[in-house]
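Q: Each chain, written out:
Protein chains: 2
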Amino acid sequence: MDTYGGSSSETVQVRNKKVMLKHHINGLPKESDLHVTTETVVLKVPQGSNTVLVKVLYLSIEPYQYIRSRKIENPGVFSSYPPGSVITSYGVGRVLNSGHPGYKKGDLVWGTTGCEEYSLITEPETLFKIQDTDVPLSYYLGVLGMPGLTAYVGFYDFCAPKKGENIFISSAFGAVGQLVGQLAKLMGCYVVGSAGSKEKVDLLKNKLGFDDAFNYKEEKNLDEALKRYFPEGIDIFFDNVGGKMIDAVLLNMRLHGRIALCGMVSQYPLDDPEGIKNLMCIIYQRLRVEGFVVFDYFHLFPKFWDFMLPYIREGKIACVEDIAEGLDSCPAALEGLFTGRNLGKKVIIVSQE
Amino acid sequence: MDTYGGSSSETVQVRNKKVMLKHHINGLPKESDLHVTTETVVLKVPQGSNTVLVKVLYLSIEPYQYIRSRKIENPGVFSSYPPGSVITSYGVGRVLNSGHPGYKKGDLVWGTTGCEEYSLITEPETLFKIQDTDVPLSYYLGVLGMPGLTAYVGFYDFCAPKKGENIFISSAFGAVGQLVGQLAKLMGCYVVGSAGSKEKVDLLKNKLGFDDAFNYKEEKNLDEALKRYFPEGIDIFFDNVGGKMIDAVLLNMRLHGRIALCGMVSQYPLDDPEGIKNLMCIIYQRLRVEGFVVFDYFHLFPKFWDFMLPYIREGKIACVEDIAEGLDSCPAALEGLFTGRNLGKKVIIVSQE
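Top to bottom, those sequences are chains A and B. Going by full-length UniProt numbering, the letters in the first sequence line up with residues 1 to 353, in that order. Going by full-length UniProt numbering, the letters in the second sequence line up with residues 1 to 353, in that order.
Do not take every clue at face value.
No copy is singled out in the list; a pair is fine if it fits within one copy or between any two copies.
Stated by the list, open to error - Heads up, simulated DSSO-like pairs for lysine-lysine below, C-alpha to C-alpha not over 27 Å straight-line: (1) K277 / K30; (2) K220 / K277; (3) K198 / K17; (4) K277 / K244; (5) K207 / K316.
These are computed hints drawn from the structure, not numbers from a lab.
Could you build all of it, start to finish, from the sequences and the hints given here?
A: Here's what the structure looks like:
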């Protein structure tokens, strides 16, 4: 059925598969914390609303889905999903019906959608229209989407990099880390990443051009590992994991080093976060530590695409995706994000056009 | 005896009282870790040297004296004093004899000296000549010296303050804290400080113009205390103590807040520093945390004096000093720095002119 090509779509009711949160998650996410159900949906926006109905083509699996699946006592950046509700993510989709003057049937868009086949977007001003379709559409969930902008803003604005500097990236094969490393190589930095498997380490070195990489799970002493890869110390630390890694890095920072705190994936599952003991190094080494949230920089997307698209088209920036088929794979994919099972940016193909 | 007025000084030998480190200190400093002894000194610099012999008038008691009295495994900013040697500090003194063309007999200087009555300065280029003598000379150890520059650089450069912002200062009655608070009031900030006694809290509010202050020793829950004084959160944290206070402050920082890490006096005595758990707030609140070491900014002293001297002359900045008489009081004064016994900038009068 061509659900977006003809006028018949306006009254069609179809089955709508969706991913629901069973209960607030404790500890690491498990496949069983989510369940996939099927309801029906009318392929038409409510009369008089300015909403947009989207057929979802690709969905991203994001650390924030887990954060929002936990009970959040003091909502700030994130609030909890209510148990029994559809979880959300970033999705790429095709507009089926629109009550908003900015979108029309057939438009390709990306933005926050429900993890479902058909999603009614109640805040359509948060969507982005996809103009450049000569690259894989799933890239708007990775290298051209939120993780890409995170790497771009985090690296250029918060790391203040200079040619020849030494940069260390944790969770380097993650959606953000792999881009930060490639941007740093383009700038002429010495780039080392940590990851959680030999396969990832090999890909970092052989596919993504990192100067070196190591498997943190095989290192008994992270401080010693870092001293091996950075005998002269680290100028820039781009951190996605938090916890012990920060403490080890602090012992290895050079004078006037910068630490960009992007995420703390190792800490999200902990009710009691690990204590960081080496903050005195921030003083002695005159460090700058900054945290940032990419949502503050979404207005930069057009500028970012102008920057990033040529690199992708010229093959100077690679994007390793780990693609799964169908919404039914969502629960396992979220669990996999925290067990290190995914190999690159995790994307779910929801529908083929 | 006028030791610097006449040519006779060139060959005079006199008794020289000095403060020695007995052994590397473990735990908090105790009076008994130091001892005062008397040797003799010839009041003439070694022939052909470019050293300067100074009669010490005032000495400062500094946290760094304690840091240097401990065993430092990896010397960086500081190296250990060898046991059995004279400890150093900042001192104000009068030049008795000089082998350096930049200094002549009778000059008033301040800088790093031995904790002794007569000190041979082997790196005279580190001394500063005192030009403005219409203020108490001891001020060159406090409000016009290293602590003053620390407050000036830390507040203006690292806190990036704006009128109306909320600033919290730990160890607010210390040499640095009392100045940061007064500078912040001059800028039109809301200023709260923590200190370790009712007397200090009263002085912060009634003498130094802080909007409020509290005794951290009487607060069971620092997070709750901060929420009481900053119901809308903290924009700027100027930290002198480290440890638990940082964790509590992190929970109370406003969006885009700044934390200047100046010192960690609560952590220096610990072999195993306290762990800081709330670093995730750096991300969610988009904070900037920076450490700095005032030694990097000593070239700014002339500019700083131009800024600060008018405030002092006009009585717009106060400097509370806790003055003790004689080198024999040094060991107790250093202990007192860590038990909170000193009431303001601790200065020792070594000699009266």
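Q: Against the earlier hints, flag every one the structure doesn't satisfy and list their numbers going up.
A: 3
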